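Please work from the sequences and hints to get the whole structure.
Protein chains: 2
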Amino acid sequence: MNTLDLLIRAIARLPGLGRKSATRIAYHMLASDRSEAQRLAELLHTLHDSIIRCSVCGSFTEDDPCPVCTDSGRDRATICVVEHPQDVAAMEASNEYHGLYHVLGGVIAPIEGVGPGDLAIGSLVRRCTEPEIHEVIIATNPTVEGDTTALYVAQQLENNTNVAVTRLALGLPVGGDLEYADRLTLARSLRGRTSLGRD
Amino acid sequence: MNTLDLLIRAIARLPGLGRKSATRIAYHMLASDRSEAQRLAELLHTLHDSIIRCSVCGSFTEDDPCPVCTDSGRDRATICVVEHPQDVAAMEASNEYHGLYHVLGGVIAPIEGVGPGDLAIGSLVRRCTEPEIHEVIIATNPTVEGDTTALYVAQQLENNTNVAVTRLALGLPVGGDLEYADRLTLARSLRGRTSLGRD
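In order, the protein sequence lines correspond to chains F and G.
Those letters in the first sequence? Residues 1 to 199, by my numbering.
Those letters in the second sequence? Residues 1 to 199, by my numbering.
None of these hints come from the bench; they were simulated from the model.
Heads up, a few of these hints could be off.
Claimed, not checked - Have a look at the derived ranges for each label pair, beta carbon to beta carbon:
| id | chain 1 | residue 1 | chain 2 | residue 2 | range |
| --- | --- | --- | --- | --- | --- |
| 1 | G | 9 | F | 174 | 21 to 29 angstroms |
| 2 | F | 2 | G | 174 | 23 to 31 angstroms |
| 3 | F | 9 | G | 169 | 50 to 58 angstroms |
| 4 | G | 158 | F | 179 | 54 to 62 angstroms |
| 5 | G | 169 | F | 113 | 50 to 58 angstroms |
| 6 | G | 90 | F | 158 | 34 to 42 angstroms |
Quick caveat: nothing in here was measured; it's all calculated off a predicted structure.
Glycine included, each C-beta is placed from N, C-alpha and C at the ideal position.
Shown next as structure tokens:
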């Protein structure tokens, strides 16, 4: 098997890519300037050395603690709890949240052998015993596991700290279509309906 | 901008990938074992040194001439003409063709400034003056440029050699749906209809 086939195989293993798209990417690399492949190779080579986990919040960062954790301009009374480091990037992209983060590193999933002890819940509780923290927004995914984890985390925080615990709203996605909304989403968006005009 | 952002940018420039899928891939890399990123880096690093163009047919190969051009077990009387090296891989995957190849390196596209002189047409004509070549199958894409190029190549071969020139059949794709077939494809599949049962 030659380098090209090996490269196609390696690319096809990446999430969201199959053999066809991997082939297309590999041939594109070959047809383009050598420097493009070299640059990507260099970035991949140094990736694990330059990007580490923030010892406070668990995000990926080049410096420890991460720029968010050390930014005195942010709202240091609020912590947003997410499953994965990439969720931090998604929240940041919304430009709506200006507080701190805490990455759990996954969700409670007994079938996959992931219990509360495998997640960064203890360190979250410890962070929330600091008097400056007022609110924890739980932003785990709206899935069975995400909801279970949210409930568990909320319970731990309520038992051990004085922070207010909230959860991201569920409802119709912006630009969505009522006709195509699933039953559960529609039910949750009804239950969580907000008043118009008078508040 | 840190390594992670640079990596996401570099991946997002690849064909078929956008910022979201690039982000997903980059975080997957970070979350997986370091060896996976290292292996991909190594393959990309050596890609342009280990894969070259075959001096006979123009395919990508590790050895020159390529394994297809030197394989005495293949049908050496037929040459299949394709636009790009990846088309050779597609033809090979069909398991139906056992002859030789010739990669043009593109199509005639005056708007993009690509004329016949920029394609490997001269070398194809030279190959076809060899008495062992009997047939040239033109397998350029069924697009305006692909058809123009096919006609031009056919003319060159007819003027300068004695080979028979054929073109891949046009028609409905296997597993396709008449209802969703476009007008032109349907027209071509009608014009090229084949007899059933009696031949």
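Against the structure, the hints come out as follows:
no. : hint                                 : in the structure
1   : G/9 with F/174: 21 to 29 angstroms   : 26 angstroms, holds
2   : F/2 with G/174: 23 to 31 angstroms   : 30 angstroms, holds
3   : F/9 with G/169: 50 to 58 angstroms   : 32 angstroms, violated
4   : G/158 with F/179: 54 to 62 angstroms : 58 angstroms, holds
5   : G/169 with F/113: 50 to 58 angstroms : 54 angstroms, holds
6   : G/90 with F/158: 34 to 42 angstroms  : 60 angstroms, violated
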